[in-house]
Amino acid sequence: VTERRYDPTSGEWVTFATDRQHRTYKPADFCPLCPTLPGRPATEIPFPSFEVVTFDNRFPSLSPDPPTPDVTGSELCPVTPAAGRCEVVVYSDDHDATLADLPGERVRMLVDVWADRTEVLATEAEVRYVMPFENKGEVVGTTLSHPHGQIYAYPEVPARPAKELGAARRHLAATGRCVHCDVVSAELADGERVVAAGDRWVAWVPFWARFPYEVRVAPRRHVPDLPGLDGAGRDELAGMLSGVARAYDALWGFSLPYVMAFHQRPTDGGDWDDVSHLHVELSPPHRSPDKLKHLAGSELAGGAFISDVAPEEAAASLRRARRKVA
Amino acid sequence: VTADNDHSEERQGPPPLTGAPVGAGVAGAEVAVGEALVRVEYTKPDGRRLSVYRRREASRG
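So the sequences go chain by chain: S and H. Per our numbering, residue 1 is the first one in the first sequence, and the count goes up by one each step. Per our numbering, residue 1001 is the first one in the second sequence, and the count goes up by one each step.
It is worth saying that the hints were derived from the structure and are not from the lab. All of these numbers come straight from a predicted model, not from anything done at the bench. A few of these clues could be false.
Said to hold, decoys possible - Label-pair ranges, simulated between beta-carbon atoms:
| id | chain 1 | residue 1 | chain 2 | residue 2 | range |
| --- | --- | --- | --- | --- | --- |
| 1 | S | Thr18 | H | Arg1049 | 34 to 42 angstroms |
| 2 | S | Ala304 | H | Glu1035 | 24 to 32 angstroms |
| 3 | S | Asp7 | H | Arg1049 | 25 to 33 angstroms |
| 4 | H | Ala1036 | S | Ala159 | 46 to 54 angstroms |
| 5 | H | Glu1057 | S | Asp7 | 49 to 57 angstroms |
| 6 | H | Glu1035 | S | Val14 | 23 to 31 angstroms |
| 7 | H | Glu1035 | S | Ala159 | 50 to 58 angstroms |
| 8 | S | Ser298 | H | Glu1057 | 46 to 54 angstroms |
| 9 | H | Glu1057 | S | Arg177 | 38 to 46 angstroms |
| 10 | S | His95 | H | Glu1035 | 41 to 49 angstroms |
| 11 | S | His95 | H | Ala1036 | 24 to 32 angstroms |
Unchecked claim - Computed footprint of chain S on chain H; a stretch qualifies when at least three of its residues, placed anywhere within it, have a C-beta under 8 angstroms from a C-beta of chain S:
| id | region |
| --- | --- |
| 12 | 1034–1040 |
| 13 | 1043–1050 |
Yeah, the Cβ is synthetic: ideal placement off N, Cα and C, and Gly gets one too.
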């Protein structure tokens, strides 16, 4: 079953990709994301070394030529083919590295790659939204430990970015300003939740953080998407992401799992420039070194997050951790 | 070996690339990505796209 089904009770689409049940899962003695070495089995990447490589996911949820849906939709519950793209971004040929371990120039290269993939995927007819992301760690579902991220190119704006963009449009209508521009200014003025501030980018624990050590990273000036960043902005974003990743690892002395995702302007040709403010959301699931923040009744069923750590305390802890590795 | 941990297909790995470029251009042709990078696009034998990124300086060698 590979198709998208619409939920009229929530207004959201759900993608079914049952072939993914058979995707590669924590292989013990073979990494498909490592380079292909002479005399060794071929991997996904047929070169003995590489810097950054992207490729279409072998087990995609969305594909450019999706099969006809198995079921017939209705006016109430439409069904569409699962059109789009799912790409893998391999950060390095070093199997044991993480984003935090990569040299600065490699992270800078990744920023260029994320921007380039956004431009490439945006040209495809079925694509309306491009979201680079990384799932780091088994507790957030990573099935391959080699350092990599993914890019989903969706046929519509996914629910969370759509909700953010809706709030941004309402704020713009009410104030004439971008909500993220206002939030960045407010956080810089207050300072208590700021983890790192550069000339062009800011990393902070949101006032409303849903996860205890959640960090948001956004440019000071209004930039709608990754391709809109200039060279200096890309330089500083790379440094900021490295710094946050290293602070996470220094927080409790182990490589901290997280979900990292870029939210940016939809690629549907709509009027998004004034309401889309590029940002990165990093959401670690840990609330302490040995305890996870589970999405349970209130969060999963109610959509109402309850956090165990004050954002101000989390930011102070992350600033201390960042100083240890600066 | 159980169904859950049989990764024989993955151990064997996918077939190698053809080296054929995507779109117009010759095999191995480089596409400039900004000032610092180049991208080379390939199509895997199963039709999937693969893009190799490298720094422009490295491509000159």
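Hint by hint, here is what the structure shows:
{"no.": "1", "hint": "S:Thr18 with H:Arg1049: 34 to 42 angstroms", "in the structure": "violated (23 angstroms)"}
{"no.": "2", "hint": "S:Ala304 with H:Glu1035: 24 to 32 angstroms", "in the structure": "violated (47 angstroms)"}
{"no.": "3", "hint": "S:Asp7 with H:Arg1049: 25 to 33 angstroms", "in the structure": "holds (31 angstroms)"}
{"no.": "4", "hint": "H:Ala1036 with S:Ala159: 46 to 54 angstroms", "in the structure": "violated (35 angstroms)"}
{"no.": "5", "hint": "H:Glu1057 with S:Asp7: 49 to 57 angstroms", "in the structure": "holds (50 angstroms)"}
{"no.": "6", "hint": "H:Glu1035 with S:Val14: 23 to 31 angstroms", "in the structure": "violated (42 angstroms)"}
{"no.": "7", "hint": "H:Glu1035 with S:Ala159: 50 to 58 angstroms", "in the structure": "violated (37 angstroms)"}
{"no.": "8", "hint": "S:Ser298 with H:Glu1057: 46 to 54 angstroms", "in the structure": "holds (53 angstroms)"}
{"no.": "9", "hint": "H:Glu1057 with S:Arg177: 38 to 46 angstroms", "in the structure": "holds (42 angstroms)"}
{"no.": "10", "hint": "S:His95 with H:Glu1035: 41 to 49 angstroms", "in the structure": "violated (30 angstroms)"}
{"no.": "11", "hint": "S:His95 with H:Ala1036: 24 to 32 angstroms", "in the structure": "holds (25 angstroms)"}
{"no.": "12", "hint": "1034–1040", "in the structure": "holds (count 5)"}
{"no.": "13", "hint": "1043–1050", "in the structure": "holds (count 4)"}
The structure fails to meet hints 1, 2, 4, 6, 7, 10 from the earlier list, while all remaining hints are met.
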